[in-house]
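**Q** Okay, here's what each chain looks like letter by letter:
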Amino acid sequence: MKTIFEKSRPGRRAASLPCSRVDERFCQLSQLPPELRREKPAELPEVAEIDLVRHYTLLSRMNFGVDVGTYPLGSCTMKYNPKFTEWAARLPGFAGLHPLLPQLRRGGLLAQGALRVVYELEQLLKQITGMDAFTMQPLAGAHGELTGIMLMAAYHKDKGNQKSIVLVPDSAHGTNPASAAIAGYQVVTVPSKDGVMDPVAFKEKLNDEVAGVMMTNPNTLGLFNPHIAEITEAAHRADAIMYYDGANLNAIMGYAKPADLGFDIVHLNLHKTFGTPHGGGGPGAGPVGVVEKLMDYLPISRVEMRADGTLFLNYDHPNSIGYVAPFYGNFGVCLKAFAYILALGGEGLKEVSEDAVLAANYLRVKLGDKWEVAFNRPCMHEVVFSAEDKAADYGVSALDVAKALIDEGFHPPTVYFPLVVKESLMIEPTETEALENLDAFIAAMGRIADKAAGDPEALHAAPITTPVGRLDEVAAARHPVLKEPEDQGA
Amino acid sequence: MLAALGQGSVAELFEVIPERLRARAWDLPPGMSEPEVGQYLAKLAGLNAQDLVCFLGGGFYDHHIPAAVDALISRGEFYTAYTPYQAEMSQGTLQSIFEYQSAICRLTGLDAANASMYDGGTAIYEAAMMAVRKTKRKKLIVCTSVSPIYRIMLKSYTVNLHLELVEADLSDPSALQGLLDQDTAGLILQNPDFFGVLHDYAPHFEAVHAVKGLGILGCNPIALAVAKTPVEMGADIAVGEGQPLGLPLSFGGPYLGFMAAAEGLLRTMPGRIVGRAHDKEGRTGYCLTLQTREQHIRREKATSNICSNEALCALAAVIFLGLMGKQGLVELAELNMTQAAYARERLGAIPGVEAVDQGPWFNEFRVRLPIDARVAVSRMIDKGIAAGFPLGRYYPDQANNLLVAVTEKRSKEEIGYLAEGLEAVL
Ligand SMILES: Cc1ncc(COP(=O)(O)O)c(C=O)c1O
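Residue numbers (this note's numbering), protein chains in the order written: chain A, 9 to 498; chain B, 91 to 516.
These are computed hints drawn from the structure, not numbers from a lab.
Idealized CB from N, CA, C, for every residue including glycine.
Worth double-checking, as some hints may not be accurate.
Unchecked claim - Calculated lysine to aspartate or glutamate pairs in the EDC-like style (CA-CA distance at most 16 Å, straight line):
1. 167(A) x 359(A)
2. 370(B) x 465(A)
3. 48(A) x 424(B)
4. 358(A) x 102(B)
5. 473(B) x 257(B)
6. 378(A) x 359(A)
7. 133(B) x 465(A)
8. 91(A) x 126(B)
9. 228(B) x 257(B)
10. 48(A) x 322(B)
As the list claims (entries may be wrong) - Selected chain A positions facing chain B (Cβ under 10 Å, derived; list incomplete):
11. 36
12. 279
13. 338
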C-alpha cells in the first residue's frame with residue numbers, strides 16, 4: 009500500500025488551529041532570525057482528514073490483534089484486554105493531568121485521585137507478589153529489569169560488596185542478560201537440566217563474585233522449577249540477590265508469590281498479566297517490587313501517606329538510585345491494570361492462573377498426538393513444542409508452521425525461542441480463549457502436521473492469504489531502506 | 091478439559107509447586123462489576139484538578155489533540171497487537187512505524203530513526219550510550235540547560251558504568267574549552283533549552299567534532315517545524331520527548347522517546363527499526379530489520395535491553411503529524427510562539443516582574459518574580475491557574491524564577507487572567 013507521504017497532495021490539509029486574537033506584532037515575534045530557522049519546512053504529508061483516516065483504517069485492516077483472533081504468542085500473554093479499562097484511562101481527570109502538578113506547593117492536593125491510583129495499585133501488587141514495596145516508574149518489563157539490577161548494585165555498594173557477575177539460566181529471555189550487561193555486569197549463563205535450571209550446575213557457578221541471579225518461574229518453557237528453594241537459599245548464603253522476571257506471573261497468581269519463593273526483586277509486566285493492551289509493541293509498564301532490605305534504594309519519588317490520610321510524593325530517600333523515569337511511570341497503563349485488578353478481585357485473579365494453566369495443558373495433551381512436546385510433563389501457562397522432527401523428516405521448519413498458521417487465521421506462537429529447544433514453537437493460549445478457540449487451533453495444527461507429511465511445498469509457500477508473502481529480510485537488512493526518500497511526496 | 095487431561099481438579103496442575111512454598115495469604119478485595127469499578131475510578135478522577143488553566147510545561151505540554159488521533163489508535167487491530175514479529179499479518183503496524191521513522195527523519199533532517207524509545211529521558215541516556223560505544227570513550231558533557239529531570243535520569247543510569255559525566259553552563263561555546271578532550275564521547279544539548287530559549291548550537295557541535303566526539307541534541311518536536319534542524323547544526327543524534335505530538339499528559343505517561351541518527355551510527359542504535367522489503371512476487375512490504383543489534387538475538391552483547399517500546403504512541407505521533415501536515419505544523423509552532431510572546435509581554439509589564447533571558451523563545455520562558463516563585467504559584471492555584479513551574483526545585487539559585495509555558499490552547503483571555511492573577515498575589 010502507498011505510504012501517507014505518497015498520498016500527499018500540495019495544499020491539502022486537515023489541521024484546525026485556533027485563531028490567536030493577540031496583536032499582529034506578536035506574530036512578528038514568532039518569526040525567527042535566519043540563523044535559528046530551518047531552511048525549509050519538513051516535508052510532512054499534505055492530506056485531508058478523510059485521506060488520513062482512510063489510510064490508517066486500511067492499515068489497521070492489515071494488522072492482527074487479540075480483538076481479531078487467537079494470539080498464542082508464547083511469553084507475551086496476549087489475553088483479551090477489557091474495553092472499560094481504556095475508558096478509565098481516558099477520563100479527563102486522569103488524561104489531562106500534568107505530571108508536574110503535584111511537585112508544586114499545594115499541587116499535590118489537586119492530584120489526590122491519581123496519587124491514590126498509584127498508592128492503591130502498589131498495595132495490590134504487594135499482596136499479589138508478597139513484596140514489601142513497589143515503584144511504578146519502570147516503563148516496560150526490560151526497563152524493570154534494568155531498574156532491578158540498579159537496585160542490586162546499590163545494595164552491594166552500600167554493603168561494600170565487590171561483585172561483578174549476574175547469573176542467568178540458558179532459557180532466559182534476551183532482555184535478562186541484556187539488562188544485566190548494560191547495567192555493567194558480566195553475565196554468566198547456567199545450563200538447564202530437564203528443562204529447568206539445574207541446582208548442581210547453579211552451585212558450580214555461584215561464588216562470592218555473584219551479585220544476583222535472574223530467573224523466571226515458571227520459566228520460558230512453561231516449567232516450574234521445583235528446586236527453587238534450594239537455589240534461592242544458596243544464592244542468599246552468597247549474599248546474591250534473587251531477581252524474578254515477572255513476565256510469567258500469569259501462571260501462579262493465588263498459588264505462589266515470588267517473595268515466598270525466595271525472590272528479593274520482581275518486575276511485573278502489567279501489559280501481560282494485568283490485561284493492559286500491548287499497543288503493537290508498547291506502551292507497557294514494568295513496576296518493580298522489592299523486599300525490605302532493598303526498599304531504601306527504590307527510585308524517587310515514592311507515593312506516601314501522611315497522618316491525615318492525604319498522599320504526597322516523597323523525594324527524601326537519600327539512598328535512592330534516583331530517577332529511572334521522568335515521573336511516576338506509564339501512569340495510563342498502570343491505571344488500566346488497576347481497573348483490571350479491581351474488576352477481577354482476588355478470586356478472579358486466581359481463576360486467571362487456573363484457566364491459563366488449564367488451557368496450556370489442554371493444548372499440550374491434544375497437540376501431543378502430532379507434535380513433539382519439548383518436555384512432556386504438566387506445564388504451567390505455556391508449553392513449548394519442537395518442529396525438529398518435521399524439519400528432519402519433511403524439511404518443514406518452525407517458521408513454515410508459523411506461516412501456515414497465519415493462513416489458518418491464527419497468530420503464530422513464538423518461534424525459535426527459548427533457544428534451548430530446537431525449532432521451538434512456544435504456545436501460550438492465555439485464560440481468555442474459549443474451548444472452541446483452543447479446539448480450532450488444535451484442528452489447524454493437525455492440518456498443518458498432515459500437510460507437512462503430504463505437501464511440504466505448500467507450507468514453504470505460506471502465507472498466501474496476506475497482503476504480502478514472506479519478505480526477503482536478508483536483503484532488507486543488507487540494503488536498509490528505513491524511510492520514504494525525501495523526494496517522495498514532497 | 092480436565093477429563094482430556096485425565097485430571098480431577100485444576101489444583102492438581104499446581105502440584106509441581108512445593109507445598110511449603112505455596113501462597114498462604116491471598117488478601118485481595120473481591121471483584122467488582124464494570125459499573126462499580128467505573129464509578130470508583132470516576133470518583134478518583136474527580137479528585138484531580140480538572141479545570142485548572144495550565145501554564146506548566148518543562149518538556150510536557152497541554153496541546154490540543156485532534157479527535158482523529160484517538161479514533162484511529164483505538165482500533166483494536168492496532169492496539170491489541172504486539173511487536174510485529176510476523177510481518178505478513180502486521181503490515182499495519184510495520185508500515186505506520188516506517189512512516190513514523192520517515193516523519194522523524196524529515197523533522198530532524200537525520201538519516202535514520204528507530205521505532206521509539208520509552209520517553210525523552212531514556213532516549214537521551216540511550217543516545218549517550220551510543221556515543222560511548224561508538225567512540226569507545228568515557229566522558230559525556232551535558233549542558234545545565236538540558237532538562238534537569240533528564241540529567242538526573244542520566245546520572246542514575248550511568249553511576250556504575252565508570253563514565254565521567256560533566257555538567258556545565260555551555261550557552262557560550264567558549265565554555266567548552268578545557269572540557270573537550272580526547273576522551274570526550276559526546277556533548278549533550280537541548281533546543282529549545284529547558285528555559286524555552288532557542289539556540290544555534292553549530293559552533294558547539296563543530297567543537298565536539300574537532301575532538302572526534304559526537305553531538306547529541308534533545309529537541310521539542312513541534313519546535314522542529316520552524317527551528318534550525320539538528321542536522322543543520324551538525325548534530326549526530328537527535329532525541330526528544332514526543333508527548334507534544336498527540337499524546338495526553340496523563341500524569342507522566344505513556345509518552346514517547348524519539349531518536350534519529352546519522353547513517354554511520356545505524357548499527358549502534360538501540361530499539362526496533364522497520365525497513366522496506368519485498369516478497370518473492372516483488373510486492374512491497376515492511377519488516378523489523380537490523381535485528382542483530384537487539385537483545386533477542388545478541389543477548390548480553392545487544393546495543394540495548396529494550397523490547398516493548400511505545401509503538402502505539404509512535405502511531406499517535408505519525409497520525410498527529412499527518413493531521414497537522416507540512417503547513418499546519420509550522421502554523422502550530424508559530425501560534426505557540428505568538429501566544430507565548432504575548433504572555434511574556436503581559437507578565438513583564440507587572441511591576442517587579444522581569445524577563446530573565448534575551449530569547450528568542452519557543453513556547454516557554456522564564457520570568458523573575460519579586461518573591462519566591464513557589465509561594466506565588468501556590469497562591470495562584472487558588473485562582474484555578476497552574477501558573478508555571480518554579481525553577482528553585484531544580485536550580486536552587488533560581489528560587490524567584492518561574493518557567494511559564496503557553497501553548498495554542500491558552501487564549502488571550504486566559505493569558506490575561508494569568509497576568510492579572512499574578513499581579514494580585516505578588
Ligand atoms: C520472559 C520475558 N521477560 C522479559 C520480557 C521483557 O518485557 P518488555 O517487553 O515489557 O520489556 C519479556 C517480554 O517480551 C518476556 O517474555
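**Q** Against each hint, give a clear statement of whether it holds in the structure.
**A** For each hint, the structure was consulted:
no.	hint	verdict
1	167(A) x 359(A)	violated, 42 Å
2	370(B) x 465(A)	holds, 15 Å
3	48(A) x 424(B)	holds, 15 Å
4	358(A) x 102(B)	holds, 14 Å
5	473(B) x 257(B)	violated, 38 Å
6	378(A) x 359(A)	violated, 30 Å
7	133(B) x 465(A)	violated, 60 Å
8	91(A) x 126(B)	holds, 15 Å
9	228(B) x 257(B)	holds, 14 Å
10	48(A) x 322(B)	holds, 11 Å
11	36	holds, 9 Å
12	279	holds, 7 Å
13	338	holds, 4 Å
The earlier numbered hints that this structure contradicts are 1, 5, 6 and 7.
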